[in-house]
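Protein chains in written order, with our numbering: chain H, 109 to 301; chain D, 1144 to 1384.
It is possible that some hints are incorrect.
Keeping only pairs whose Cα atoms sit at most 20 Å apart, straight-line, the calculated SDA-like set for lysine to any residue is [to be verified]:
(1) D:K1220 with H:Q289
(2) D:K1299 with D:D1289
(3) D:K1220 with D:A1186
(4) D:K1220 with D:R1272
(5) D:K1220 with H:A290
(6) D:K1220 with D:D1176
FYI, nobody ran anything at the bench for these hints, they're computed from the structure. Since this is a predicted model, take the numbers as computed values, not measurements.
Listed below are the residues making up each chain.
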Amino acid sequence: MTALARTIEALLFIAPEPLEVATLQDITEESPAMIARALDEIAARHAADTGLELAEVAGGWALRTRADLAPACDRLRARPREDRLSPAALETLAVVAYLEPVTRREVGRLRGVDVDSTVGSLLDRGLIEEAERPQSGPVTYRTTTLFLERFGLARRGDLPTLERFELTGPEAQALRARLQQADLIAEAETGDG
Amino acid sequence: MPALDSSAALTQEVQIDLFQGPFDLLLTLLLRDEVDMLELPLADLIEESVTPGSDERWEIDAASQLILLLAAIADLKGRRMLGEDVEDEPDLDALAMREALVARLVAYAPFQRAAQWLAERLRAAQGPRYRRVPPGTAVPVPVRDDPARLRAAMEKMVEASPAPSLEHMGVRRRPLPELLGRLRESLARLREVSFDQMVSDCDRLEEALTLLAALEMVRRGEAELRQDVPFGDILIRGTRA
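Hey, can you work out the whole structure from these sequences and the hints?
As structure tokens, this is what we get:
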């Protein structure tokens, strides 16, 4: 192992959160290319049969435990019970992740419902936070580092393009047909002659 | 916001004499008059639809949708039997509203799918654990400081504060019984005493207590009070003499 790789491995070992390449550069005074090579070396060293793995997550690099060791790790350290996110919370999170920084109003307009409580619970869970307050105007929200970690995303915006999720022509047509059907039923229901 | 895939009720298979297939197809055929509403065995359809198969659980969205549909069909059939015409010309407002709703659902659909993608991501990323520093880890307190300085600091804290002095609280006051006695004594010697004279050497509180003593004597019938002018002197006259 090169001296640089050893140094970076040590830094990753003691760092409480993922380390950005810029931070590694500051500390080691090496070029990004050298650091990338050293990271490759560390990743190779932590092969699949070791307890740790090198991961690019939340805008930086982290040494983390392998997924199959979670039960043992959780016996050492009580992990808060995985609270399940409701569909509403997940959808709100998706809107924030794609449109950040975004105001509560914009989220509400897209969702078509009041989102105050959902936004509140996402804030409480630490998955979103207030983005930097603009000079004037409403508060905007963005996703947090915890969100990136929890969802295993390498960095902000590490998401499939939204276009990928758009409805195709036939799907939109099917949606229209279904609404039409619902309308006919509603008419029959309310049209008391 | 109706979920795009909450149409479980619509795709449920129904099997009645008249028709076998998914629910929504039956509905479409009914609305297009390709299946005669009057022929529809409504009771069979309802029994067939709401009897849960095996031990599958009812999903609240699907179940309520299904019940709404069945109610609508029952309503339609009722009208048809009474000979009412259910075919209306399309309402332009309703059409515009529907188009607006379609547009909104189409715009929102990508986020719903993105949410599903996120949910899968969350499941996939559940395993690894990260190093965490417990919040609020404080800087350790230095222990090898000069003991004398520690002691000096400690002494300042444990030093007893001086007991509060009451010296500034003024002279000792005579209590009510004493003032009462003094008043009786004066009245034993003189027929009448002036209140102002009685209290000439008293402070305000004693003055008030003397008045109380005088009033007490009036109550007991030992004395009478007289005041010639408002706020003037009060003459206290004993009644025993």
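When the structure is checked against the list of hints, which entries are broken? Sort them ascending.
Those not satisfied come down to hint 4.
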